[in-house]
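Student: The primary structure of each chain is shown beneath.
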Amino acid sequence: MVFSDPILLGCLLTVFLPLSAFALIMIFTRDNPKLSLAISLVAATIPLIIAWTFFFKLGGRAPIIYNFDWMVSDLVKVPFGFLLDPTSLVMFVIVATISWLVQVYSIGYMAGDPGFGRYYADLSLFALAMLTLVISSGLLQLYIAWELVGLASYLLIGFWYEKFSASEAGKKAFVVTRFGDIGFFMGLVFLVIFYGSLDIATVNSAAVANSMPPWLITTSGLLIFCGVMGKSAQFPLHVWLPDAMEGPTPVSALLHSATMVAAGVFLMTRIFPFFAASATTMTVILAISTLTLILSSTIALAATDIKQVWAYSTVSQLGFMAMGLAAAALASGTLFAGYYHLTTHAAFKALLFLCSGVFIHHFGTNDFFTMATQGGRKLVIPMACITIAALALAGIFPFAGFFSKELILTALAHLDNKLWLVLGLFGAFLTAYYSFRVIFVMLFPKSPEAYSKVPGHIAHVEDEAHGHGAHGHADDAHGHGHDEHHGVPWVMIFPLLVLASFTLILGFCQDYLEKLLLGASHPHAMNYFLLVAAVGCALSGIALAWLDWGRKDAKCVGFISRFPALQTFFIQKWYMDHFWRWFLNRFIYGIFSKWFTYNDRRVVDGGVDAVAFSTVGSGRLLSFIQTAFLQYNLLFMVVVLAGVGIYLMMGR
Amino acid sequence: MNAVSAWLTPQTAATAAFVMVIGLTILGALIAVGARNIFHNVLGLCVSLFGVSGIFLFLNSPFVALMEILIYVGAICIAICFAIMLSEPLYLPPPPRNKAKVLGAAIGSAGIFVFLGLLLKKTQWTAAPERSTDWSVTTIGHYLLTDYALIFELVSLLLLVAMIGAIVIARGGRGNP
Amino acid sequence: MLLFNQLQTYLYLALVLFAIGLYGVLARRSLIAILISVELILNAASINFMAFNRFLAPHPAVGQVITLFIMAVAAAEAAIALSIIVAVYRKMKSINVEHATELRG
Chain A
11 MVFSDPILLG CLLTVFLPLS AFALIMIFTR DNPKLSLAIS LVAATIPLII
61 AWTFFFKLGG RAPIIYNFDW MVSDLVKVPF GFLLDPTSLV MFVIVATISW
111 LVQVYSIGYM AGDPGFGRYY ADLSLFALAM LTLVISSGLL QLYIAWELVG
161 LASYLLIGFW YEKFSASEAG KKAFVVTRFG DIGFFMGLVF LVIFYGSLDI
211 ATVNSAAVAN SMPPWLITTS GLLIFCGVMG KSAQFPLHVW LPDAMEGPTP
261 VSALLHSATM VAAGVFLMTR IFPFFAASAT TMTVILAIST LTLILSSTIA
311 LAATDIKQVW AYSTVSQLGF MAMGLAAAAL ASGTLFAGYY HLTTHAAFKA
361 LLFLCSGVFI HHFGTNDFFT MATQGGRKLV IPMACITIAA LALAGIFPFA
411 GFFSKELILT ALAHLDNKLW LVLGLFGAFL TAYYSFRVIF VMLFPKSPEA
461 YSKVPGHIAH VEDEAHGHGA HGHADDAHGH GHDEHHGVPW VMIFPLLVLA
511 SFTLILGFCQ DYLEKLLLGA SHPHAMNYFL LVAAVGCALS GIALAWLDWG
561 RKDAKCVGFI SRFPALQTFF IQKWYMDHFW RWFLNRFIYG IFSKWFTYND
611 RRVVDGGVDA VAFSTVGSGR LLSFIQTAFL QYNLLFMVVV LAGVGIYLMM
661 GR
Chain B
622 MNAVSAWLTP QTAATAAFVM VIGLTILGAL IAVGARNIFH NVLGLCVSLF
672 GVSGIFLFLN SPFVALMEIL IYVGAICIAI CFAIMLSEPL YLPPPPRNKA
722 KVLGAAIGSA GIFVFLGLLL KKTQWTAAPE RSTDWSVTTI GHYLLTDYAL
772 IFELVSLLLL VAMIGAIVIA RGGRGNP
Chain C
112 MLLFNQLQTY LYLALVLFAI GLYGVLARRS LIAILISVEL ILNAASINFM
162 AFNRFLAPHP AVGQVITLFI MAVAAAEAAI ALSIIVAVYR KMKSINVEHA
212 TELRG
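Protein chains in written order, with this note's numbering: chain A, 11 to 662; chain B, 622 to 798; chain C, 112 to 216.
Chain A on its own, in the form it takes in the complex (with noise of 0.2 Å):
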């Protein structure tokens, strides 16, 4: 059956071979790199030629469903099985096509690293988990694989774990994720109670024809929700984003930006009507979605190292989808917004953070005033790369993020409050100033005197000791120094390339991914006001940061440093991991903890010890009838014994 069917031979292909090859390596190839590099490009590129494959023949075709069912029983089932529709495919393409890229990209990255098979082993799983939760049918195995992708996030943050930060931020990663967690986790559990089924295509079809109870489809779609927050890394939960760069980079690209904090808005996408469903929940998500944005990209104003910019772009840019889509389903809209951008900054994001580590492998550093003054823009493929890259995510036309983000603020445009839309468009012109103060700072390097002013900076030279230490190490462990200047590796130029021509291309695709994504191409009214008020925010952001950091002469301080309040509490990250860590001290760790450490010890210990000193105190008790007299206890047997064989006799 398997055999005869290439599709469902494809599935189970795409799933099984990152699954072997991750146990392979890890049981027996760990310690030969090139033996552990093959076996896991093999199993990155087979997943891939099947995602392209399926994309073109099966793009246009009904959803494919293969279901087996795996719990059954009298009111719930739950079955595991494979979803291709268009939705999944497209992921499928992204997930399959930056892993195989980022494999690549590592060759060169991780070169000489001693964990090289181990880290190819946390690809190869993380493979298998996001391949997983893209095709998968049900709910239940999709949050299975969500799960074994915040493992192998767990895994790849902390892969330096001699370094303590990155083995504190793999640990922060795991708890924060999991707080959210619980929240899907709850979420699922009422639909199974309410609902008996938690096969997507099934809740989608129920939501939609209203066979749902209102109140279900609110309370869980909010703790659903909450797992995307912790995934995606929406406010509150999105403070272990920015930590999680303290991973090899290529993994900041793959995971930490371009797929895995994406299958949050992916599962906002996989059961879009059912979110949709429920104006309240769509509300409260366009909310925290609008702060997210505004909190990260305020937060990126300040930041003076390369992958955190990156890191809060990033967060920035996932509120921004999950504002396309709670914009679009309040207004009646399609999906097509938020994932198009999905789509876009998956290409221009994964390009970044690749770019920011061919920088970061050259010079050694974190820290971008550090790499302007070394020269960064010598690199000339990188520079050119990464300023696209830029240029998409400021949204310029007529590169991808452009396209995509326009079609967002359209749809918060439907909406009729317009303060969304203000506010999105603020967003987006943080979004252009931060990505080119990198870029201006970058490719107009001044001398290391000027940059002494800019806050961040100085302290991360005050931090040298940690921070170069942390990296000495990283380092020492590549097996080549800082000062050791050498060619870029083409095994990294070539995943930019195909990076860039992609952020190049996507934004004129948007049509055939229309099509392919709804069935039909709606013709978009050009809103010519909003056309003009994103592309002059955008350019506004831009001549913005060229007065502040580009120009000959510019003052090299941000204008925020006018409002010293203002950027401290932006440096500070909004004091959320102050929040955080008052939260734990207070209610986890002095109220929950203190509990249940009584709990502990008095009642679940104390009950313990109570059965036991029980026992051994009933035993002291009772051993004095043991007197050591064989016969006598012979003898009670026997009376007793006789004593009721002679009354049962009777009675007959």
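If you're looking for bench data, these hints aren't it; they were derived computationally from the structure.
Treat the hints with caution; some may be incorrect.
As the list claims (entries may be wrong) - Derived lysine-lysine pairs resembling DSSO-like cross-links, with alpha carbons at most 30 Å apart: (1) A/Lys562 with A/Lys456; (2) A/Lys44 with A/Lys173; (3) B/Lys743 with C/Lys204; (4) A/Lys456 with A/Lys388; (5) A/Lys67 with A/Lys604; (6) C/Lys204 with B/Lys722; (7) A/Lys562 with A/Lys428; (8) A/Lys181 with A/Lys388; (9) A/Lys181 with A/Lys604; (10) C/Lys202 with B/Lys722; (11) C/Lys202 with B/Lys743.
Assemble the complex: chain A is given as a structure, and chains B and C must be docked to it using the hints.
Tutor: Frame of chain A, contents of chains B and C only:
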């Protein structure tokens, strides 16, 4: 003479022999349990076992009767004799009887006696509808090697284990001669 | 009806033998005497089997086979019990069960 011959039918003779055998069995058992000298106990056991083997003869099974004498009298009683020789010397005076204990034992065994007696009395024993008359030793051997082959093997294993166990226990263990 | 042709006779005989053996097990102090009493109990059981075999069983070979098994088990039991007795005597210089009180509570 007539009166005697009238009495001396084969049935009477057999009954007399049967009563003798029963008497032998019970008498032997009483000696085995009641005598204060341990060696007399063994001799009483021997007598009782002879009686039991006689009963087996009355029960149509000379083979099992023979086995009874061979195994019980020939093997077990001799083994008990060895144990007597290896343990307490016979010249030691036996400890005085404990009245309460004897009374308790009597009550206990009487209770069981009453219980089982009632059981015997009240049970209606019914014979199998079809009964074979094949009493030959050949059939026993046949059964041992077909239907009961597994039990047969298990018994042989049991004997082996018992042998090894007896050696290990009686030898006293390493370092404790 | 002849005495030796009745099932009841044999069963009562076995019962008497069993009761005597049980009395011995309960009353005697010497481990060897207890063993002897146990042998009596086993013989009572054998007699029961043989009697049922003679009067009730569908096939007369079966009871005999079982009696043989009882003998074999009794032999094994005697061997083990005797070796235990020897070991106990070596340890405690006595084979009186009332002296075996090491496990008193």
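Student: Compare the structure with each hint and give your call.
Tutor: Comparing the hints with the structure gives:
no., hint, verdict
1, A/Lys562 with A/Lys456, "holds, 8 Å"
2, A/Lys44 with A/Lys173, "holds, 25 Å"
3, B/Lys743 with C/Lys204, "violated, 48 Å"
4, A/Lys456 with A/Lys388, "holds, 14 Å"
5, A/Lys67 with A/Lys604, "violated, 58 Å"
6, C/Lys204 with B/Lys722, "holds, 23 Å"
7, A/Lys562 with A/Lys428, "violated, 39 Å"
8, A/Lys181 with A/Lys388, "violated, 37 Å"
9, A/Lys181 with A/Lys604, "holds, 22 Å"
10, C/Lys202 with B/Lys722, "holds, 26 Å"
11, C/Lys202 with B/Lys743, "violated, 49 Å"
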